[in-house]
Amino acid sequence: MINSKKIVLVGHFGVGKTSIVRRYVSNIFTTDYKVTIGVHIFKKEIEVNNNKLTFVIWDLEGKDDIEKVRVSHLLGTSGFIYIVDPTRNTTYVNIESEVGYLKSNYPKAKLLTVANKVDLIDKEAFLKDVSFPIDFFTSAKTGDNVEEIFNKMGLIFLKDL
Amino acid sequence: MIQKAIDRYLNNKVQTIQFNSDGKIIASDDILFPVNKEETIYAIHPFFDFFQEIITEKKRREVFKMILLEINKKNLVVDILVYSGSIKTKPYMLIFDKSSFYKEIQQITQEKNELFISNFNENQKNLELNNEKKFKNKFLASISHDLKTPITGVLGLLELFKKENLAYEQKELLNTISSTMVHMNRLVSDIFDLSKMEYGEFTIEMVSFDLDELIKNIERVYLEKFLLKNIEFQIKKPNNIPNYLIGDYNRVVQILMNLLDNAYKYTNQGKVVLEMHLDFRRAKNIRIKFVVSDTGIGFEKDDNNQFESFKKLHDEDIEGSGLGLSIVLRLIELMKGTFLFNSKVNEGSTFEITLPFEVDVNSQKNNFLKSKFSKVNIKNKYNILIVDDNEINQLVLMKLLVNHGGFYMDIANNGERAIEMIEKENYDLIFMDLHMPKMNGFEAIEIIRENTENNKTNIIALSAYDIAKDKELAQKLKVDDYIVKPFSSEELFTSIYKVLKIKKEAT
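Respectively, the protein sequence lines represent chains Y and H.
In terms of the numbering used here, the first sequence is numbered consecutively and its last residue is 818.
In terms of the numbering used here, the second sequence is numbered consecutively and its last residue is 1155.
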């Protein structure tokens, strides 16, 4: 249990948090949108550089303001994955302040930013529009880069071990 | 008994699990799901993993709401209260089944979020469409403006050419080229007007004009045209309509010419009549009904919506008429007029337009519109500076001035050069193109008016942009007159005579 890490997926509703976690844990994708109520929790064991890690992934209900997320859900978080939908600018206009809120309230937690649904956008135009660095461009639909987010998170955790 | 009824109503099933500081299960009432008493709480569900952290601290109490637990292939949405224990009490947790309550919330939230996303997508689509439309209109306005410059040049050169001694056949050819260019100019102007209307930069002017003069101008164009097609053309204006009105002269002409062109196109025999009626008058406000009727081929009306029906008629007939009829409809809308039409196949069509005006009670006759242009012989020569980046425009202006006589000329290719020249030389008049590279006409005029010794020099602004904004800006900079390209020699010299106060008595 030593290497069990709580990873929390945050972001507005409909950005694809559940799709990313389902693609990662079960390699499944469906186009229908089913709203997440509360929190769904998944577990996945991975191996990074010959080290075994257990990820307990918390898929939170989407909120348009990070401060509306229940504080109890964020207790003991080791890593945040902040996900935006590049097809809806309302999901990333406040990314800087949302990420800032997480960093100042959970200073020990690691954080990666993800733009999902890249199969639907003009990446160059999005990059001009978004004011904050994005670590990963993913598509839960095609599976592009999804595993890479968690591998990267694993590498970051290992550095601290 | 009462508690049971309350519990049933609240549907509050609660499971209690007690465990030790290692997480090993001590007891469970298994109300919601069975647990293996030999296991730890961490084996129940990954959610409980981080309880390790909570139970290291004594007397800690945490509540977790809306947790989805999938246990034994059964989904439960629960609230969980965990207590980390004290010296007297072992750690425990209470699991409250809220599945039915959260199911309702789920449905409501699902609908709300879906609606939000679909509204967003709809707005986004509209935004993109508007941006595309805006881009298209700006592109059209810009390209039509660029086309106007060479057309102006060619029309100017043709006008000069007509004054040469030419053989009959050459004159005929020149007339054909000339009328083709005039037609092209009208098409380009139509595109320009429509694109301006689309992005809201089109304004209706309110200037004084003489209705009799307007009718004479129309008669001059169409009488011969209809005569050549063997069609009778009549204009009827009753005496109760005042002559001096305030309104948009050019746009009224544009509407009437478009309707007469339409009548010309679809009438092969009989007659075309332009009639005017006084529709309404109260104090200064007046409404005039213009009726254009023909004995042409007519068409079938397929619905009651006049505007839509007329637009459809126009859409079906792409050939020839350009964008004129679409513009007519937009102009009538912008002028707050009304439009009606009637038509019968093989009998003809009638178009009725009602436009509001103001009666210009104080007006004297408008010299520009009323008086016929006549050349004035100039005794003392005037010193003129032409500022234009386009060589054809320079040539046309120069040739017109040379042919007229009475002017010395200098040329500057841009505003910067013009200012240098003005500082060295005194000019009676500057022709200033407003759109030039390096330094445009607006900047140059501003510098001339504010900084040079010759700040009172007469300036006539020239522009192929006849946007009201251009004109307004030029007037703010106190130009003495404003001419829209392409211009006729009559327009040019009327402006020169006005600005330089050259009087006809001098002839």
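Calculated from the structure, these hints are not laboratory results.
Possibly wrong hints are sitting among the right ones.
Result set (DSS-like, lysine-lysine): computed pairs, CA atoms no more than 30 Å apart in a straight line [said to hold, decoys possible]:
#1 Y:K700 x H:K1146
#2 H:K706 x H:K672
#3 H:K937 x H:K1023
#4 H:K1146 x H:K811
#5 H:K937 x H:K984
#6 Y:K720 x H:K1029
#7 H:K707 x Y:K765
#8 H:K706 x Y:K700
#9 Y:K725 x Y:K701
#10 Y:K701 x H:K721
#11 H:K751 x Y:K701
#12 Y:K701 x H:K1124
#13 H:K672 x H:K864
#14 Y:K701 x Y:K798
#15 Y:K700 x H:K661
#16 Y:K709 x Y:K809
#17 H:K751 x Y:K691
#18 H:K877 x H:K784
#19 Y:K798 x H:K722
#20 Y:K785 x H:K1149
All figures in this text were calculated on a predicted structure; none of them were measured in a lab.
Comparing the hints with the structure gives:
Restraint check: the Cα-Cα separation between K700 (chain Y) and K1146 (chain H) comes to about 88 Å, which exceeds 30 Å; the hinted pair is violated. Using a Cα cut-off of 30 Å, the hinted pair K706 (chain H) and K672 (chain H) holds, with the two alpha carbons roughly 16 Å apart. Distance check on the hinted pair: K937 (chain H) and K1023 (chain H) sit about 37 Å apart at the alpha-carbon level, beyond 30 Å; violated. Using a Cα cut-off of 30 Å, the hinted pair K1146 (chain H) and K811 (chain H) holds, with the two alpha carbons roughly 24 Å apart.
Distance restraint check for K937 (chain H) and K984 (chain H): the Cα-Cα separation of roughly 13 Å lies within the 30 Å cut-off, and the hinted pair is therefore satisfied. For the given pair, K720 (chain Y) sits about 80 Å from K1029 (chain H) by alpha-carbon distance, which is inconsistent with the 30 Å threshold. Taking the CA atoms of K707 (chain H) and K765 (chain Y), the gap is near 24 Å; set against the 30 Å cutoff, the hint holds. Using a Cα cut-off of 30 Å, the hinted pair K706 (chain H) and K700 (chain Y) holds, with the two alpha carbons roughly 27 Å apart.
Distance hint between K725 (chain Y) and K701 (chain Y) is fulfilled; the C-alpha atoms sit about 27 Å from each other, no more than 30 Å. Between K701 (chain Y) and K721 (chain H) the alpha-carbon distance is near 18 Å, which keeps this suggested pair within the 30 Å criterion. Distance hint between K751 (chain H) and K701 (chain Y) is fulfilled; the C-alpha atoms sit about 27 Å from each other, no more than 30 Å. For the hint linking K701 (chain Y) to K1124 (chain H), the alpha-carbon distance of about 73 Å lies beyond 30 Å, and the restraint is violated.
The straight-line distance between the Cα atoms of K672 (chain H) and K864 (chain H) is roughly 106 Å, outside the 30 Å bound, and the hint therefore fails. For the suggested pair K701 (chain Y) and K798 (chain Y), the alpha carbons sit about 20 Å apart, so the restraint of at most 30 Å is met. For the suggested pair K700 (chain Y) and K661 (chain H), the alpha carbons sit about 27 Å apart, so the restraint of at most 30 Å is met. Annotation: proposed proximity of K709 (chain Y) to K809 (chain Y) holds, straight-line Cα distance about 14 Å (limit 30 Å).
In summary, the hint linking K751 (chain H) to K691 (chain Y) is supported, as the alpha carbons are separated by about 12 Å, within the 30 Å threshold. Proposed proximity of K877 (chain H) and K784 (chain H) is contradicted: the alpha carbons are some 39 Å apart, above 30 Å. The straight-line distance between the Cα atoms of K798 (chain Y) and K722 (chain H) is roughly 27 Å, inside the 30 Å bound, and the hint therefore holds. A C-alpha spacing of about 58 Å is found between K785 (chain Y) and K1149 (chain H), which places the hinted pair above 30 Å, so the restraint is violated.
Violation of the numbered hints given earlier is confined to hints 1, 3, 6, 12, 13, 18, 20; the remaining hints are satisfied by the structure.
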